[in-house]
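K.L.:
When you line the sequence shown up against our numbering, it's residues 1 to 319, in that order.
Don't read these hints as lab results, they were simulated from the structure. Owing to the predicted nature of the structure, the values given are computational and were not obtained by experimental measurement. It is possible that part of the hints are untrue.
Calculated pairs, DSS-like style, for lysine-lysine (alpha carbon to alpha carbon, straight line, at most 25 angstroms) [unchecked claim]: (1) K21 <-> K219; (2) K267 <-> K48; (3) K90 <-> K170; (4) K46 <-> K267; (5) K121 <-> K298; (6) K253 <-> K208; (7) K318 <-> K66; (8) K170 <-> K208; (9) K66 <-> K46; (10) K157 <-> K21; (11) K90 <-> K121; (12) K291 <-> K208; (13) K46 <-> K21; (14) K90 <-> K291; (15) K253 <-> K238; (16) K157 <-> K301; (17) K57 <-> K170; (18) K219 <-> K318; (19) K318 <-> K21; (20) K57 <-> K253; (21) K253 <-> K267; (22) K57 <-> K21; (23) K21 <-> K238; (24) K301 <-> K90; (25) K66 <-> K219; (26) K253 <-> K66; (27) K170 <-> K157; (28) K219 <-> K208; (29) K90 <-> K318; (30) K253 <-> K48.
Here are the computed distance ranges between Cβ atoms for each label pair [said to hold, decoys possible]: (31) N144 <-> E63: 27 to 33 angstroms; (32) D51 <-> K121: 40 to 46 angstroms; (33) Q70 <-> K318: 34 to 40 angstroms; (34) P319 <-> A73: 43 to 49 angstroms; (35) K121 <-> Q225: 31 to 37 angstroms.
Cβ atoms here follow ideal geometry from the backbone N, Cα and C, with glycine treated the same way.
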Amino acid sequence: MKLKYVLLGLLLSTNGHAADKTIIRLGVQAGGTVEWELPVLQEALKTKSADFELEIKHLANIEAGKAALQSGAVDVIVSDWIWVSGQREKGADFTFYPYADTSGALVVPSNSGIHSLADLKGKRLGIAGGELDKNWLLLQTLANQQQEIDLDAAVEKVFNTPPQINDQIKNGGIDAALTFWHFAARLEAEGYRTITDGRSILQDLGIKEAVANLGYIFKQSWADQHTSALQQFFEVSKQARQTLCSSEDAWHKIRPLIQVEDDLTQKHLRQSYCAGNIEHWGEAEQLAAEKVYVLLHKQSKQALTGTSEQLQRGTFWKP
Numbered sequence: 001m002k003l004k005y006v007l008l009g010l011l012l013s014t015n016g017h018a019a020d021k022t023i024i025r026l027g028v029q030a031g032g033t034v035e036w037e038l039p040v041l042q043e044a045l046k047t048k049s050a051d052f053e054l055e056i057k058h059l060a061n062i063e064a065g066k067a068a069l070q071s072g073a074v075d076v077i078v079s080d081w082i083w084v085s086g087q088r089e090k091g092a093d094f095t096f097y098p099y100a101d102t103s104g105a106l107v108v109p110s111n112s113g114i115h116s117l118a119d120l121k122g123k124r125l126g127i128a129g130g131e132l133d134k135n136w137l138l139l140q141t142l143a144n145q146q147q148e149i150d151l152d153a154a155v156e157k158v159f160n161t162p163p164q165i166n167d168q169i170k171n172g173g174i175d176a177a178l179t180f181w182h183f184a185a186r187l188e189a190e191g192y193r194t195i196t197d198g199r200s201i202l203q204d205l206g207i208k209e210a211v212a213n214l215g216y217i218f219k220q221s222w223a224d225q226h227t228s229a230l231q232q233f234f235e236v237s238k239q240a241r242q243t244l245c246s247s248e249d250a251w252h253k254i255r256p257l258i259q260v261e262d263d264l265t266q267k268h269l270r271q272s273y274c275a276g277n278i279e280h281w282g283e284a285e286q287l288a289a290e291k292v293y294v295l296l297h298k299q300s301k302q303a304l305t306g307t308s309e310q311l312q313r314g315t316f317w318k319p
């Protein structure tokens, strides 16, 4: 009889421990890099005693993720801090923790005569992301500062989705492509040449620190209640990225998720992905992000950032 009560006590204790764990409802975009990391992350959780459990919610795109976060359907998504600042200006309490600083690139055919921003004059430039794409806004800022070129007026702009931009540059429909990092990596694997990328643009604008452009977004009020679990999640997530960059076996296992067959494209995608790992995120990097905000605010004429001339306080999470 005594043994029966001991076993019952252990069972209740185990169930109580499981109930105490924080459930983090993570919104994951189909085909995105967070989805690549999930197998490694979930495998790591099997061997760790963590204070959280993940509940994965698959999303169609970034906008669907924002809607899910705003409605309370998920707790965490990956998006950019510009959106967070704009939401805080409207009274929301979303905040940002860095995930990656992968950036887009300006790519041309290997035999192209385009070697600088000045060479873009009169050319057909394919732009992924629309008029308010951050790389496009910063590229215009750089062209104006360095060479007093109004790039918006100097090129023939062709806005399209990243896959269509890649198709257009291959069939000669455009002369250059300003596109997202994974689509630029695919072109580079086929011999296309990179003129500049997001990091180089910032450095040429005088911003030397690496600025995270993507991060985990969540409500400050929710984070205050689950700080320990959230910090553990960030640590396990970071370890998953590092594992994919250091382990050939781990990368090989996720190849079906990447949906790319040839080894050379896989190599370029992995290099670009790993180059986006966040090494430092402190006061210097956050001050650099504030400078980027001011540039984007001016170049977009408030259309991207909202009316505030400064990044909103609380945009970056400080537990």
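K.L.:
Each hint: holds or not?
P.N.:
Results of checking the hints against the structure:
Simply put, K21 and K219 have alpha-carbon atoms about 19 angstroms apart, close enough for the 25 angstroms limit, and the pair holds. Taking the CA atoms of K267 and K48, the gap is near 30 angstroms; set against the 25 angstroms cutoff, the hint is violated. Note on K90 and K170: the hinted pairing is violated, with a Cα-Cα distance of about 43 angstroms set against a maximum of 25 angstroms. Between the alpha carbons of K46 and K267 the distance comes to roughly 29 angstroms, so the proposed pair goes past 25 angstroms and is violated.
A C-alpha spacing of about 23 angstroms is found between K121 and K298, which places the hinted pair at or below 25 angstroms, so the restraint holds. With a C-alpha separation of about 36 angstroms, the suggested pair K253 and K208 falls outside the 25 angstroms cut-off, and the hint is violated. Restraint check for K318 and K66: the C-alpha separation of about 21 angstroms stays at or below 25 angstroms, so the hint holds. For the hint linking K170 to K208, the alpha-carbon distance of about 33 angstroms lies beyond 25 angstroms, and the restraint is violated.
With a C-alpha separation of about 29 angstroms, the suggested pairing of K66 with K46 is violated against the 25 angstroms cut-off. Of the supplied pair hints, the one linking K157 and K21 is violated, its CA atoms being roughly 51 angstroms apart against a limit of 25 angstroms. Proximity of K90 to K121 is assessed by CA-CA distance (about 39 angstroms); at most 25 angstroms being required, the pair is judged violated. For the suggested pair K291 and K208, the alpha carbons sit about 11 angstroms apart, so the restraint of at most 25 angstroms is met.
Annotation: proposed proximity of K46 to K21 holds, straight-line Cα distance about 14 angstroms (limit 25 angstroms). Of the pairs offered as hints, the one joining K90 and K291 holds, with about 21 angstroms between alpha carbons and a cut-off of 25 angstroms not exceeded. Distance restraint check for K253 and K238: the Cα-Cα separation of roughly 18 angstroms lies within the 25 angstroms cut-off, and the hinted pair is therefore satisfied. The hinted pair formed by K157 and K301 meets the criterion: a straight-line CA distance of about 19 angstroms does not exceed 25 angstroms.
With a C-alpha separation of about 35 angstroms, the suggested pair K57 and K170 falls outside the 25 angstroms cut-off, and the hint is violated. Our distance criterion of 25 angstroms between C-alpha atoms is met by K219 and K318, whose separation comes to about 12 angstroms. Only pairs whose Cα atoms come within 25 angstroms are accepted, and K318 paired with K21 is accepted, the gap being roughly 22 angstroms. Simply put, K57 and K253 have alpha-carbon atoms about 22 angstroms apart, close enough for the 25 angstroms limit, and the pair holds.
Note on K253 and K267: the hinted pairing holds, with a Cα-Cα distance of about 14 angstroms set against a maximum of 25 angstroms. Of the supplied pair hints, the one linking K57 and K21 holds, its CA atoms being roughly 18 angstroms apart against a limit of 25 angstroms. Straight-line distance between C-alpha atoms of K21 and K238 comes to about 20 angstroms, which keeps the hinted pair within the 25 angstroms bound. Simply put, K301 and K90 have alpha-carbon atoms about 18 angstroms apart, close enough for the 25 angstroms limit, and the pair holds.
A C-alpha spacing of about 12 angstroms is found between K66 and K219, which places the hinted pair at or below 25 angstroms, so the restraint holds. With a C-alpha separation of about 30 angstroms, the suggested pairing of K253 with K66 is violated against the 25 angstroms cut-off. As the CA atoms of K170 and K157 are separated by approximately 17 angstroms, the hinted pair is consistent with the 25 angstroms bound. Distance restraint check for K219 and K208: the Cα-Cα separation of roughly 30 angstroms exceeds the 25 angstroms cut-off, and the hinted pair is therefore not satisfied.
The suggested pairing of K90 with K318 holds, with an alpha-carbon distance near 20 angstroms, which does not exceed 25 angstroms. For the suggested pair K253 and K48, the alpha carbons sit about 21 angstroms apart, so the restraint of at most 25 angstroms is met. The beta-carbon spacing between N144 and E63, approximately 30 angstroms, falls within the hinted interval of 27 to 33 angstroms. For D51 and K121, the hinted distance range of 40 to 46 angstroms is not satisfied, since their beta carbons lie about 56 angstroms from each other.
For the pair Q70 and K318, the beta carbons lie near 22 angstroms from each other, so the given range of 34 to 40 angstroms is not met. The beta-carbon spacing between P319 and A73, approximately 24 angstroms, falls outside the hinted interval of 43 to 49 angstroms. In this structure the supplied range 31 to 37 angstroms is violated for K121 paired with Q225, their Cβ-Cβ distance being about 54 angstroms.
In this structure, the earlier hints numbered 2, 3, 4, 6, 8, 9, 10, 11, 17, 26, 28, 32, 33, 34 and 35 are contradicted, and the remaining ones agree with it.
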